[in-house]
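Asker: Whenever a hint applies, use it, and build me the whole structure from the sequences.
Just so you know, the protein sequences line up as chains A and B, in that order.
Per our numbering, the first sequence starts with residue 1, numbered consecutively.
Per our numbering, the second sequence starts with residue 1, numbered consecutively.
Note that these hints are calculated values from the structure, not bench results.
Treat the numbers as computed from the prediction; the structure is a model and nothing was measured.
Positions of the beta carbon are idealized from the N, C-alpha and C atoms, including for glycine.
Careful: at least some of the hints might be erroneous.
Claimed, not checked - Below, computed lysine-lysine pairings styled on DSS-like, alpha-carbon distance capped at 25 angstroms: (1) A:Lys442 with B:Lys318; (2) A:Lys597 with B:Lys318; (3) B:Lys318 with A:Lys318.
As the list claims (entries may be wrong) - To give an idea of the interface, some chain A residues facing chain B are shown, with a C-beta separation under 10 angstroms as derived from the structure: (4) Ile294; (5) Asp596; (6) Trp600; (7) His613.
Unchecked claim - Just a sample of chain B residues kept apart from chain A, beta carbon distances all over 10 angstroms, derived: (8) Glu80; (9) Ala101; (10) Ser144; (11) Gln165; (12) Thr308; (13) Thr439; (14) Lys442; (15) Ala549; (16) Ala576; (17) Pro593; (18) Lys621.
Number of protein chains: 2
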Amino acid sequence: MTVKELPESRCDVLIVGAGPAGMMLATWMARCGINARIVDKRSTKIFNGQADGLQSRSLEIFDSFGFADRALKEANHMLEMCMWNPGEDGTLRRSDRVPDAIVGLSRFTQIVLHQGRIERFFLDNIKKHSKDSLRIERAVLPESLSISEDLCDDHSPETYPLKVQLRHLTEEEATPAQSNGETIQDGLFRSNLAEDDTDDLIAHSRANAGSTEVVKAKYMVGCDGAHSWTRRQLGFELEGEPTDFIWGVLDIIPITDFPDIRERCAVHSASSGSMMVIPRENKLVRLYIQLTEIKPDASGRADRSQITPDTIIKAAQKIIAPYQLTYKYCDWWTAYQIGQRVGTNFDYKNRVFLAGDAVHTHSPKAGQGMNVSMQDAYNLGWKLALVVKGVAQPSILSTYQSERRRIAQDLINFDHKFSRLFSGRPAKDILDESGVSMTEFKDAFVKGNMFASGLSVDYGSSMLVAKGGDAAEQGDGTDVSSSKTQIAGNQELAKNIKLGMRFPSYKVLNQSDARPWHFQEWFKSDGRFRLVVFAGNVLSTAQKDRLDAFCGKLTASAFLAPHIHKDIDVLTCHSAKRIETELLRDFPEVLHPFDDKTGWDYNSVFVDDLSYHEGHGEAYKNYGVDQERGCVVITRPDQYVGFIGELDGEGVKGVETYFQGVFVS
Amino acid sequence: MTVKELPESRCDVLIVGAGPAGMMLATWMARCGINARIVDKRSTKIFNGQADGLQSRSLEIFDSFGFADRALKEANHMLEMCMWNPGEDGTLRRSDRVPDAIVGLSRFTQIVLHQGRIERFFLDNIKKHSKDSLRIERAVLPESLSISEDLCDDHSPETYPLKVQLRHLTEEEATPAQSNGETIQDGLFRSNLAEDDTDDLIAHSRANAGSTEVVKAKYMVGCDGAHSWTRRQLGFELEGEPTDFIWGVLDIIPITDFPDIRERCAVHSASSGSMMVIPRENKLVRLYIQLTEIKPDASGRADRSQITPDTIIKAAQKIIAPYQLTYKYCDWWTAYQIGQRVGTNFDYKNRVFLAGDAVHTHSPKAGQGMNVSMQDAYNLGWKLALVVKGVAQPSILSTYQSERRRIAQDLINFDHKFSRLFSGRPAKDILDESGVSMTEFKDAFVKGNMFASGLSVDYGSSMLVAKGGDAAEQGDGTDVSSSKTQIAGNQELAKNIKLGMRFPSYKVLNQSDARPWHFQEWFKSDGRFRLVVFAGNVLSTAQKDRLDAFCGKLTASAFLAPHIHKDIDVLTCHSAKRIETELLRDFPEVLHPFDDKTGWDYNSVFVDDLSYHEGHGEAYKNYGVDQERGCVVITRPDQYVGFIGELDGEGVKGVETYFQGVFVS
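Answerer: Here is the structure:
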C-alpha cells in the first residue's frame, strides 16, 4: 500500500458516540453554533428497546431545548408504584402503593418512552438549530488519538491539541449481527454480556482498506459507552465491583390477570427471584426479570446462549405466580449482568472528556442510566461552548469532573443499595437475617425517589457556584475554587432557591399579557446565564428607587455591560398587583430592552399574581423571597443557581465578581 | 379541436376548496378511510395573514384529531381584553379590563396563530391518517357540475349521481397576482373588495386548451369561499345586507408606547373611527383599522387603489393618539368591506353541500370566521363518512343544514350587533343618541364571549339529538325529527351534560394507572359514537348488580352487539375510591374488552377520584350525575350529546332506540 496524504480537517469539538449523551452534547453544540462533529460506529439509530425511563429533571432539560412536549405526548406517564411480596401465607400480594414521583417537586412526573424516540427528538432539534449543518456521521469511528501535550494549556483560538484519525466503515461493517436468526430484535449485542466489537470493526475495515481521514480538534468527548474506546486511549479505569446477579429484559404486550400491570411494580417472590414491571407506551410493558437459574461461569460472565425470550418469560411466570403472564408480541429483549463502577477520571487535561456509560455503569432498574448520561453531557456542553466561543475562562471546564464524578459516585452508592435490596430474597420474618426486609426496601425506594427524580443534584462550591465551603470536599476532590474571587451568595434572601441546585419552578404571569407561565419555561438552554431580578413591590416608591438604582449600577458596570442580554439574559419577576403596575415602560430599560426593528421586549417582565384560569403560583412565597425587597439570583446556562444577592449596590458588586470569575476579561 | 374521451374516475366525496373548511372535511375523510378528493384553484397554501383566531371549541376539535398541542405551542395565547375609549376629558383611556375567555368553560382559552400554520397541521394530519393517499390537488377547479336528479335518493353503494368536470391549471394560471409590485404580501386578491377570478381562470385555461378530467362522485362539498362556484351552480343565494364600513388589516411588529399592545383591545376613538388590536405569535400584532376616510363609490364598493399599508397605518395613528404607533416590519395586509349574509340552502338533496364562507359572510373582527367554517365541516364530515360506509342512514345528512344554518343565523345576528357597536362613534354622554354607549358595547362583548368561544352551540332535536320538542323550530326549519323513534333523553340524570351541546370536560383518573386525564381527551374524532357509562358507586353491591345487569342487556341486544366497540366506543367512569376498586377484571368485559393479541383494554375505565399531582376533578359533581346510581350518556362522533338514560333496562332500550334511528338496520 502506498503512503498517501489523508484528508485533514479541523473542528472545535469532536464527539464520539451518538447515544443519549452524545446527542445531548451535539444539541448544545447546535444550539450554541459551535463547529462540532459527532460520529458513531453503528450504521443506524436505535429503533426500539434500550433505556426508556425519563426522570423529571430530564424532562425539564428537554423542555429547555423545546421538545419535552413531544416526549410527554408519546410516553407512558408513571404515577404510582406498587410493591408486591409474599404475605404471611406465602402468597404474593400488594404490600404498598406509593406515588411514583414526589408531589410538588417538579412540573413533570416520570415517563417512559423508548430510546429510539428520544434520539429522534434530539436529531430533529439538532437539525433545526444547526440548520442541518451538524449531522450524526454514522459508521464512522476513531482509530487513533494523539494529543499534543504541550498545547493542552494553550486555549488560544488557533490551537488544536488533538489529532484523531477517523475510519469510515461500510454499511455492512457497521451493522451488528443480531445474536440469533429470530425476527424479534434483541439488545444482547449492546449488553455488557457481549464483548466490545470496536477493535474487530477497525481491524475488519483495515483489512478491506476502508477510507480514513484526520481531524484536528480542540476538544473531544467520548460518549462511547461502557467499553469506551476513548477511555481506553487515555488509560483510565472504571473502579467498582461486578455482581453475580443476571437479569433478563423483555419488552412485551403482556396478556395477564396481574392487576397492576399498568403500574410500576417491584415484585419480590418468595424464592424465585424478583421482577420489576415498567409499563410503557403502545400497550408495551418492560419487565426486568431476575434469572436466578443462570449463573456466571468461571470467568465470572454468564453464558449468553442460555438466555432467550423463552427462558426469561418462564422465570417471570414463576415470580409472578399465582397470576398468569404470557405474550404474543415481543418488541425487544436483552439480558445483562452489571456491577456498579465509576471512572477514575472524567477528563484529560480539560481537552478530552468522558461522559455517560464511559464513566459509570450500574443497573438499569433504577431508571437512571440514560438520565445521568444525558445530564453529564448537559453539564459539559455549555461549558465547552462558552470556552470555544472565547466567552468563558477555560478553568470552568474543571467543574465538569468535580460536579459529575461526584454525582456518579452518589448514583453508584444509590444503585448498589437499591440493587441489593431488590435482588435479595424477601425475609420471612424479622429473624430471617439473610432475607431482605420489605420495610427497608420500601423506605429505600421512597427516600431514593428524590435522588431518582434527578432533582437532588447539588453542585458544590466553585467559580460557577458561589456558595462558600470547601470546593474539593463538596465535589469529587478536584480543586475548582474560584482563583480570583471569593464570594458567597446569600441563601437567606431566597430560602428555597438553593445555591448549587436547579432553579425551581412556580407559575408567574407575563406582565404584558397576563399569560401564566411556569417561570422555568423562560430558562431556555440557549447558552446564556440568567440574571433573575426579583424586583419586589415596585409600587412602593422606596422599592422602585432601589430597583432603579440597582439597574443603573448594573448598566454602568464596564465589565458587565457588554455581556448583558448577549451572554446574560435578564428576567424580572415583581410582586405588586399586575393591573396596578401596568406600565411596562416604567421599568428600567435593561429589564425590557428596546430594539429599533422589533420594539420593546414584552417577554422579560413577569409578576407573581393570580391568573384567570390557572390559580396563583405564589412564587415569592414558594421561592422564599421577601415580597417587599426582592433579591437578585444568577442561574447558569443549565439552570443551576450560582449566586444570590441583595437588590442594591452590593448585589451588583456580587454579580460583577461572580462573572469576573467566569468570563474572559 | 377534436372531440376525445376525457379521463373519468370515481370517488365517494369530492371537496372543492382547501381552506380551513375543506381541510377539516378532508381530515374527517382521512380519519375514516373514505375515498375522497380535494381540489383547490390556488397553486399554494396560505403562508401568512388571513384568519387567525382560534376559539376554545376549535382547539377541543383539534385535540380530538391530535394536533391541538402544535397550535398551543406556536400560538399567542389571549387571556385578557381591554377596552379603550375617550374619557371625560376626551383623551383615550382604558375603561375596562375583562378576561378574554369565560373561566371554567373549556380546558382551552383562545389563541391566535396564522392560517398558514393551521393548514400545515391539517395537512400533516391528513397525510398521517390517509397514509399519504389523500392529498390536496392544487391548481385544479371544477368547471361543470351535472346532477342525475333521479339518482339522488338512491343511496346504494354503486350510485354516483354527480358528474363533475375538473380543469387542471398551469402553475402560472393558478398563481394570483399581488395587487401591486410591493414585496409585502397582501390579501386584497382574496378580499371581498376584489372580484372573483374563478371564471377568468377557467376561461384562460380553456383558451390554452388546458387538461380536464371527469369525476363521478356520490357527494360533493363546496368549501369554495364567499364567491362559491359550487353555490352558483346550485343557484343558491346569500341573503343579508352589505355595509358601508371599510376596514384595513395590518399584520405588523409594532413599535409603540401603547401599554396594551400585547392584549386584545377594542379602541374607540372620539371621531377617527375604531381599531381592534389582536396580538399574535412572533411579536406580530394584527390591527383591524376602520378606514373612515375611504367611502364606497356609486357601485357600493370601495376603490382598492386608495388602500395601502401607509393609508391604513395613518388611520391607526389617528385612532390611537396620543400614543405613538409605527412599524418597520409588515408581514401582510388587506382590506375588506363586509355585510352579514347567510345562505338560503346548505345542501342540495343531501348530495351537494356548502360549508364555510360559501354560506355565511360576516366581519372578521369577532374572530369567528375560520372557526365557524371549520365547525361546519366538522359537523358534516362524520355524517358523510358514516353514510358512505353504509353505517348510518342517509337521512342524518339533513341535520347538517338544520344544525349549521341555525348557527350561521345566530352568528350573523351576533356579528351584526357587535359590528355596529364597534364601528360606531362612542357616545359623548347619555344624551348623545347617535353615538354608541360604551357600557352597551362592553355588555355585548361579555355576553358575546360565550358565543365567541364556540361552546354555546346547542343543536336542536333530531334523530341525532334525543331531546324532544319541535325539531324544525329548534333548527333552521328543516324537518329532521326521527322518523322511526320518538325518544327523549332524561336531562335530569346529568344536569350539566346538556342534550344537544358538546360533552364538557373534567379531570378523571385512569383506573389502571392513576394517570389524570381531561375526560374529553378520550373523545377522539375517530368516527365512532360514544357510550359513556357513569357506573356510579361500584363498591355498593346493589349498584354493581345494576351495572352488571345493564351491561348484560347491552351485549344481549342483537341490534347493538355488532356496533359495540366498532361504531360505538364504550367509556366508563365510576365514582368509588380508585384503590378500593382496583380489580379491573371485576368490571363487565364490555367495559374493557379483551383481545387475544393485546390482552385487556386498560384505557376505557376511569374514576372520579383525587390525583397525586393535579387535584380532584370532581367529575360527578360537575357533570351533575348522581354518585351512587350514575347514568348512561351517548355522544355523537363530534362529542355533542345525543341521549341520556338510566343505568337499567330502560336505559338499554333508550340506547337501542337511539341507534335504531341512526344506524342502517
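Asker: All hints, please: hold or fail.
Answerer: Outcome of the hint check:
The hinted pair formed by Lys442 (chain A) and Lys318 (chain B) fails the criterion: a straight-line CA distance of about 70 angstroms is larger than 25 angstroms. Our distance criterion of 25 angstroms between C-alpha atoms is met by Lys597 (chain A) and Lys318 (chain B), whose separation comes to about 22 angstroms. Only pairs whose Cα atoms come within 25 angstroms are accepted, and Lys318 (chain B) paired with Lys318 (chain A) is rejected, the gap being roughly 82 angstroms. Against a cut-off of 10 angstroms between C-beta atoms, the interface hint on Ile294 (chain A) is violated, since the closest Cβ of chain B lies about 28 angstroms away.
With a least beta-carbon distance of about 7 angstroms to chain B, the hint placing Asp596 (chain A) at the interface is held under the 10 angstroms criterion. With its C-beta approaching chain B no nearer than about 8 angstroms, Trp600 (chain A) sits inside the 10 angstroms limit, and its interface hint holds. Given hint, His613 (chain A) at the interface with chain B, holds; its Cβ is 6 angstroms from that chain's nearest Cβ, closer than 10 angstroms. Interface exclusion of Glu80 (chain B) from chain A breaks down, the closest Cβ pair being 4 angstroms apart, not more than 10 angstroms.
In this structure Ala101 (chain B) is not separated from chain A by more than 10 angstroms, as the shortest Cβ-Cβ distance comes to only about 7 angstroms. For Ser144 (chain B), the shortest C-beta to C-beta distance to chain A comes to about 46 angstroms, beyond the 10 angstroms cut-off, and the non-interface label holds. Every beta carbon of chain A lies more than 10 angstroms from that of Gln165 (chain B), the smallest distance being close to 43 angstroms; the non-interface claim holds. The beta carbon of Thr308 (chain B) sits about 21 angstroms from the closest Cβ of chain A, which is more than 10 angstroms, so the claim that it is off the interface holds.
The Cβ of Thr439 (chain B) lies farther than 10 angstroms from every Cβ of chain A, with a closest approach of about 20 angstroms, so its non-interface assignment holds. Residue-level check passed: Lys442 (chain B) sits 16 angstroms from the nearest beta carbon of chain A, beyond 10 angstroms. Even its closest Cβ contact with chain A, about 24 angstroms, leaves Ala549 (chain B) beyond 10 angstroms, as expected for a residue assigned away from the interface. Every CB of chain A lies more than 10 angstroms from the CB of Ala576 (chain B), the least distance being 15 angstroms, so the non-interface label holds.
Here Pro593 (chain B) stays apart from chain A, with its beta-carbon at least about 13 angstroms from theirs, past the 10 angstroms limit. Distance check for Lys621 (chain B) against chain A: the nearest CB is about 19 angstroms away, which clears 10 angstroms, and the non-interface claim stands.
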